[in-house]
Structures are given as structure tokens and as C-alpha cells.
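Student: The lines below spell out each chain.
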Amino acid sequence: MEHLLALQNLHVSYHTPRGTVQAVRGVDLTLDSGEVLAVVGESGCGKSALLKAIMRLLPENASVTGRIVVNGTDIAPYPEKQLQKLRGSLFSMVFQDPMTALNPSMTIGSQIAEAIVVHEPKISKEALRARVLELMELVEIDRPMERMKLYPHNFSGGMRQRAVMAIALAARAKILLADEPTTALDVTIQAQILDLLRNLQKKLHTATILVSHDLGVVARAADRVAVMYAGKIVEIGTAEEVYYDPRHPYTWALLRALPALATGGDALYTIPGMPPTLIDPPKGDAFACRNEYALAIDYEKEPPLLRVTDTHYAATWLLDPRAPRITPPIGVRRHGI
Amino acid sequence: MESEILLSAQNISHSFYLSKTASVRALDKLSFEIRRGEIYGLVGESGSGKSTAARCVMNLVKPQSGHIFYEGVDITDPKQFGANKRLLQTSRQMIFQDSTSSLNGRMKVADIIAEPMRIAHMAPKRGTYRKEAAFQMKYVGLDEIYLDKYPAELSGGQRQRVAIARALCMEPELLVADEPVASLDVSIQAQIVNLFRHLQDEHGFSFLFIAHDLSMVRYLCDRVGVLLRGKLVEEAPSEELFQNPQHPYTKALLSAMPLPDPIRERNRKLIPFDADTLCSQGVMREVSPGHFVRTEGGETA
Chain A
7 MEHLLALQNL HVSYHTPRGT VQAVRGVDLT LDSGEVLAVV GESGCGKSAL LKAIMRLLPE
67 NASVTGRIVV NGTDIAPYPE KQLQKLRGSL FSMVFQDPMT ALNPSMTIGS QIAEAIVVHE
127 PKISKEALRA RVLELMELVE IDRPMERMKL YPHNFSGGMR QRAVMAIALA ARAKILLADE
187 PTTALDVTIQ AQILDLLRNL QKKLHTATIL VSHDLGVVAR AADRVAVMYA GKIVEIGTAE
247 EVYYDPRHPY TWALLRALPA LATGGDALYT IPGMPPTLID PPKGDAFACR NEYALAIDYE
307 KEPPLLRVTD THYAATWLLD PRAPRITPPI GVRRHGI
Chain B
18 MESEILLSAQ NISHSFYLSK TASVRALDKL SFEIRRGEIY GLVGESGSGK STAARCVMNL
78 VKPQSGHIFY EGVDITDPKQ FGANKRLLQT SRQMIFQDST SSLNGRMKVA DIIAEPMRIA
138 HMAPKRGTYR KEAAFQMKYV GLDEIYLDKY PAELSGGQRQ RVAIARALCM EPELLVADEP
198 VASLDVSIQA QIVNLFRHLQ DEHGFSFLFI AHDLSMVRYL CDRVGVLLRG KLVEEAPSEE
258 LFQNPQHPYT KALLSAMPLP DPIRERNRKL IPFDADTLCS QGVMREVSPG HFVRTEGGET
318 A
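Protein chains in written order, with the working numbering: chain A, 7 to 343; chain B, 18 to 318.
Calculated directly from the structure, the hints in this document are not laboratory data. Bear in mind the structure is a predicted one, so any value in this text is a computation, not a measurement. A few of these clues could be false.
[To be verified] Facing chain B, a subset of chain A residues (Cβ under 7 Å, in silico):
1) Met165
2) Asp220
3) Ala245
4) Glu246
5) Ile277
[Unchecked claim] Some residues of chain B that are not near chain A, with every Cβ distance over 10 Å (derived):
6) Lys37
7) Lys96
8) Lys102
9) Arg103
10) Thr107
11) Met111
12) Gly122
13) Ser172
14) Gln206
15) Ser232
16) Met301
17) Thr312
C-beta atoms are modelled at their ideal positions from N, C-alpha and C, and glycine is treated no differently.
This is chain B alone, in the form it adopts within the complex:
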């Protein structure tokens, strides 16, 4: 099943400097691709570089080396970025984890949702910006009465939906969602995840979905990449990865995945791992179609 590649990150590296001598390598020659209409999941522990990868894709962080191609445009090259600014700024949108800090508390919901359209001077399809906002609100399952409310008057799930409506009003090709459901109740999580599924099925949206809830990733994503210290250690179609994990780090992660099954949970042992020995050099090898595992040079999987 080959389909068109929407985004391709090639060997991106980025380090954060803590002081003159100390630095943290957030991304280490990371390469991945997102196909059109696909939900690509990145999983890994905190500090593995998931969020930095998302920020690089959104041009919020400039990788120190490597290239990211979006629709064939190298977004890390300022010249190409400048020439395609409008395409890049309207067709990629991001949803952040914390809806409280990503929405301006002094703006009404209607203005928050319409703000990106105003900035991009987009003519509202439905007459006015307000009508456009109302349409998007309805789309994400919020009542119109919230249009004139402030974010503080909404619950966490409602705020997250406002953030999603704001991203959707630009009709993006690629949605980058950095832990979009982590702070929400289980039943609200289900609503948001269903909405993502719907957007993918009906409108062909592509997603970069970052989460630490592995059962959510398994349910939602088509392909999943496992990040360890800024490197991919395993990448496979979602079901294949969860049923047949190969890399020891993936196995350790999956062993910690909570299951609503008390007897099985109590009898299940966590697989310990030592990131220092695991962070292997090696190369990514294909063990079965579409399933790549990082293995030490020479060895076979």
C-alpha cells in the first residue's frame, strides 16, 4: 500500500545547550515520513525528543542539521520557506497538550477560532468570521452558546475542542497533535479521538500524533515510531508493532501499558531496560514489510 508522502524528515538533529559545557541531544539523526491521509504516532518516554520532533515539523524549532520536506518544500531552508510561506503556514496546524495555556484567556471563543483566518487574510467561506467559527464549533461538537464565552468558563474537554476547531478552520493538510488528550477524562478522550478518526476518514487529514498513552496510539495510529534518546529504534504499522515488538525498548514500553484487567496486570512483570546500553548505534533494518528495527551492525534481527 504505497501512497504519496506528505512530510519527510531526513536526519534531523537538534541539541539544547544547558550551559557552556552541557548540552542535551534531543534529536539524533531522526528520519521519518508521514504519508497523505495517515495518522503517524510517535511514542517514547519524556525526554525522548517527541515534542522537539513535532516542533521541528512545525518550524517552531530549527533543527541544527538535516532537512524536512513538506510537499516537496524544504522547510528548514529559509529561502524555500519564504517562497512558500503561505502554503506552509496555512496547511500545517498544531494542537498543544495544555489547552489552558494555548488559548488566550482574554479572547472570546469566537475570536480565538477565527484568529488564524484573520491573520492569513482568508475570506470566510460562510460569510462572516463568526459564522465560520460557529460552523467549526458545531463540527467539533460544541454548542454555539459557547461562542461568546472566555476559555476560563469552559471545561478542559471543551477548551481542547476549541483548540482543535481553531486548527481546523484553516482546513489543514497536516495536524500535529502533541499529547492532545493527556489532560482529559477518559470519556472526553474518547470523544476527541473519535473526532480525529472522523477527520482522517472523511476529510483525508494527516496527523502526527504524539502521546504517551499506548493504548490510545494503538487504537488511533496507522504507523508508529518508537523514539529513544532522539533516535527511532523501531517503526512499524500499528498492529504489527503492538503484536510483534522486536526492539527491547519497545518491549519494555509495551510491558508497562496499563490494561483494564486486574488478574493479568498483577501477574505481568515489567521488563526493565537500561537506556544507556540500549541506545544502540546500528542501523534500521526491515524485518518484515514496513517493520523496521534498529539493530547493531552486522547482526540480523
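For reference, chain A alone in the conformation it holds in the complex:
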């Protein structure tokens, strides 16, 4: 089956005076239309670099190698001119802070209209207006007729993020890349935006990559979850598999650090040490020195993604038949249904 988007052995490196930072180190991913894939990891694990590599929004000192295959065509070697046509129509991005993503001196309506006109320069005035209203309704902004004349500062944080999503969808993008879209928002608004993401995916059949640092937040929206550490995917599976049957020690650690899963008066679990610098990544498994379950081989040889089920893979030697059996310290209990 052909995937909507497939990343093959994607590497992103930043060339800095202090050395080359390997932000993404060989990521393989597939994304089908109509699914939400969540990418979770600590800051600096390369999750934002991954999104920016797909959009090709990286600074000049960055280099991308590997294949980015969209509907069977590799777009990695595309020159900027061709990429420009893809941005917005094939994929578009929603950023963390909606205030900085919007122009404070333009009305919301004209900012949405601007995005439409870029892709359809010959659109008539009436059609443009109708499309703006349609988009605002799509992202569930009430009373769009009045609100399109307002400025971003008149909007609340949640409304701004909705407007940003309307702009992102203006040219009927097939892939939506959302970089921590709810981090700047309140709990109630956060849940609403996550629900909106789900509704959009059902209505428009878009595919979404949702990046977040919090496993608690993405549970509401994600079909599949990929956990990233030090530029690599260490575990990937359906949401059910990753939450109810996590296999990688790093996923365990992330889950144990959540206060929602803390039991009674115990101190929260903290991951010892710091993530490695990616200028000179350590030999073997990058997580080994912070991992209480590390095996001797982890310091020598990097584990490949080993199969758990056809949809669930984890990069840990613990899955090797020769490894000792370890009962995971955590696993979310399945509740009803």
C-alpha cells in the first residue's frame, strides 16, 4: 500500500562553529491520510527539526539527507521553487504560539484570504469571501461574519489558534504539521483544539503530525504515537500499544514522570542525567546512561527498531530473545470499553 508520506532514513544536521549537531539521526516514518501521528519527546530530541525538515523551513546551516516520499515521489531533491508550490497545498504547519504566527496589523479575515489568494490568484471576490467564511466555520469560530473583521488582539488564545488552523487549511493541505499547538493554551481550550484536530481529520481526511512533549496531552487526539529520543524514534505504535503496553525504558520513564499516573504520596519519577549532546552522540544506545534497565550491549551497539507487533516497534535490546525478562514499571491500565 502506498503511504501519503514516507520518511526514509531522514537525517538533519546543523553545522555550527562548535561542530555538527545531528538533530535527527535516521528516522523512518510513514503517514497515511486520515490519521493523527503524535511525536513525543523532550526538548532537543529533534521533533521540531523533523517537522521543519518536511516543510524545509530549516536555516541555511542545516542539511537534510534521506528521502521524503509523498505519494510515491521523493521531494527531498526539489528546488525551493517547487517546494513553494507544495507548502500550503500539500502540507502546512501550525506553530506553538498563535500570537507570533499572526500579523497583528491585519484582520483575521484578510489573513485567511491572503493564504487563499496565494494559491488561487484568480479567485473572484465573492468566492474568496465565501471561502473565508467556510474556513472559519470549519475551525468552529462562531459568528464568522463579525469575527473576520477583527484583529488578532481581539481574539482569545484558543480563537487565535483556530484562526491559524484556518490559514493552514486554506489551500486544502493534505498533511497538517502541528508543533506543540496547545502548549500556550488553557486546559479547557487545549482539549477543544485537540477535538478540533480530530474533527478536521474526520471531515477533510487530512493527515496530521502532532508534536508534543507531554504524553498526557496527545492521548486525546493520536491514532499512533512515536516516541523520540536523541534524534531517533525509540518506540512507535498505535496509541493503545504505546500507552497500555510500552516497551522502551524511555517511554516508561516519560509515563512515570506524569503526575496523573502518580500513586499516593510517592515522589514523581525523574529521569536521571541530561539528554546527550548531539554534536558527538555516544556510542551504543543514547539512552543507556540514563536507563536503569540498560544492558551491557546497550553501551556497545545501538539497538535497531525491533518488532513487537506489525504496528508496534521499539528500539531496545530488552526485546531480544536473549535479554532478561523485565516487568515494565508502568503501563496505563485499560479502563472499560
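Chain A is already provided as a structure; the job is to place chain B on it using the hints.
Tutor: Quick look at chain B alone, frame taken from chain A:
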């Protein structure tokens, strides 16, 4: 379980004037108490007045009416404030959300941590200010090598710990933490929250903890107040509030609390609410010991 009341806010109100005609009522006759050795949480959406309440407690904003008593001193009265200035300025400390803007980027970490002691002319217990700073750094889990670094050279979690060390060096009674972990990674959040717990258990610190992450509030706080448009609508011991929410606004807030459980999350409906109809007048009534809910006059809960 009665214990001594450290801080008591009584009917504080504050409005911000946007223009000659428009104003925003940030606090509306808000009353709450913080007991000694307790972590009191304030939750609510943005704009509900949480931060304004914290700033009033710290004397950063002067409430337009009402009184705040700290150790029996009315801090809203300039005369009493002046007479007890030293007590008030050393025993209350605040930790802000954004560590980047709350630390001076041109000062080294050692100087940042020791600055409040220098200002208050406190004799360093451990000989020099530098040693004092090093001690506090170790206490919050930072290595001494960071003493001579600038804030920009530290990560977000490290910077937040410098801000906490700066607050701790005064050995305060009350720490006011306004969204102290909101901008941090999950595992760093856990470290900071564990540190707060430790400070409470071992040193009897009292906290006013403001956060929008409800699972964090549930884990950390002893008592929680729910703010809506500058008014408390519900107040209860933490577990009681989360297990048995009474006010519709509290129920709506809790329904949005993210849980790391995909199947349950997908099947859970958000409870919608309309703040205009909910912002009830009414009074706070005790429905069970320590659990207060704002109910319309006359009605019972």
C-alpha cells in the same frame, strides 16, 4: 485538622482600567486562606485572576478594596506594611513562570542567587555570599560549575531552578509560585515538583501554587480553590475536589484534564459551560467538611 493560618485574603477586589469607560474586574471580593505548611492551589482559566491574586499577595498589585493579612499584619495598609517591611520582604518570595525574563541576563548565577540577601543586608550563614549561593544551588539540584555562568547558558529547567534557589536563599515562610513549571519538559516538571514537596515536608514551607495543569495541582496541593472571573466558585481539599466536584465550572475544568489513557480520552466528552450564566452571585456554602461551593442564594447543594 486545624492549623495556624499564615495568610488570609479577605474580600479583595481589583479592576484594571483599559480605557476611560472599559475595565476588567480581575478580582471580585476574593477570600482565601493559606495555612502554615500547606500547599494551596489556585486553578482557573487564563483571565480568571489567578496571577492578580498572587501579585496582590506579594504586594506587587495593590487591591482596590479588601485586606490581606500575613502573620497578622495587614499588608494592604501602608502604615503596617512600613512597620513590618523587613518581615514582609524577606519571608515572602515569588517564583515566576518565565525564567528567561525573571533572571537578569547580565548577571552571573552566583550573583543572581545572592542578590536578595545583599539587598536585605543579610549576613551569609556560610561565610560568603558565594558559598551561600553554592549551597542553595546544590539544594535545588544544580552543580556548582554553573555559579559563573550566565542565564542564557542554562537550559529552561536549570534556569527555573536558579529562580527557585534565589527565592530559597531568603528562607521564606511563603513561596508564591505562578505557573512555575508550565514552560518545562515533563521530566523536568517532575524534578521541580518533587523539590516543592521536599521543601514542604522537610522545612514546612507554605506555598501558593498557581498552575493550569490540573494533574500537577492534584498531585501537589493540599487544598485547591477554583477561580472564575475573580471569584472562588469552589474550594476543597485536593482529593475531595477532584473526586467529588460540585460546581459546574469545576466539572467542566476537570472534564478537560488530559489523561494518558487513549481509549478513555477518546470516549470522554468535554462538558461545555457558559461563563456568563455560571458566574453566579450566591454564597459559598459548606457541603462537606472543608468543601465549599458557591451556590445561588436559598438553594441547597
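Student: Each hint should be assessed against the structure and marked as holding or not.
Tutor: Okay, the hints, checked on the actual structure:
1. Contact between Met165(A) and chain B, as hinted, is not supported at the beta carbon level, the nearest pair being about 13 Å apart and thus beyond 7 Å.
2. Hint status for Asp220(A) relative to chain B: holds, with the closest Cβ pair at about 6 Å, below 7 Å.
3. With its C-beta approaching chain B no nearer than about 4 Å, Ala245(A) sits inside the 7 Å limit, and its interface hint holds.
4. The interface hint given for Glu246(A) is met, as the beta carbon of that residue sits about 6 Å from the closest beta carbon of chain B, less than 7 Å.
5. Look at Ile277(A): its Cβ gets to within about 4 Å of chain B, closer than 7 Å, so that hint holds up.
6. For Lys37(B), the condition that its CB be more than 10 Å from all CB atoms of chain A holds, with the nearest at approximately 19 Å.
7. Under the 10 Å C-beta cut-off, the non-interface status given to Lys96(B) relative to chain A holds; the minimum distance is some 39 Å.
8. For Lys102(B), the requirement that its beta carbon stay farther than 10 Å from each beta carbon of chain A is met, with the minimum near 37 Å.
9. In this structure Arg103(B) is separated from chain A by more than 10 Å, as the shortest Cβ-Cβ distance comes to about 35 Å.
10. Non-interface status of Thr107(B) relative to chain A is upheld: no Cβ of that chain comes within 10 Å, the nearest being about 29 Å off.
11. With a minimum CB-CB distance of about 22 Å to chain A, Met111(B) clears the 10 Å threshold, and the non-interface call stands.
12. Chain A leaves Gly122(B) outside its interface by the beta-carbon criterion, the shortest separation being 20 Å against a cut-off of 10 Å.
13. Consistency note on Ser172(B): stated as away from chain A, yet its beta-carbon is not over 10 Å from all of that chain's, at 8 Å minimum.
14. Not every C-beta of chain A lies more than 10 Å from that of Gln206(B), the closest at about 7 Å, which undercuts listing it as non-interface.
15. With a least CB separation of 4 Å from chain A, Ser232(B) falls inside the 10 Å interface cut-off, contrary to its annotation.
16. Residue placement check: Met301(B) keeps its beta carbon more than 10 Å from all beta carbons of chain A (closest about 23 Å).
17. Even its closest Cβ contact with chain A, about 22 Å, leaves Thr312(B) beyond 10 Å, as expected for a residue assigned away from the interface.
Violated hints for the displayed structure, listed by number in ascending order: 1, 13, 14 and 15.
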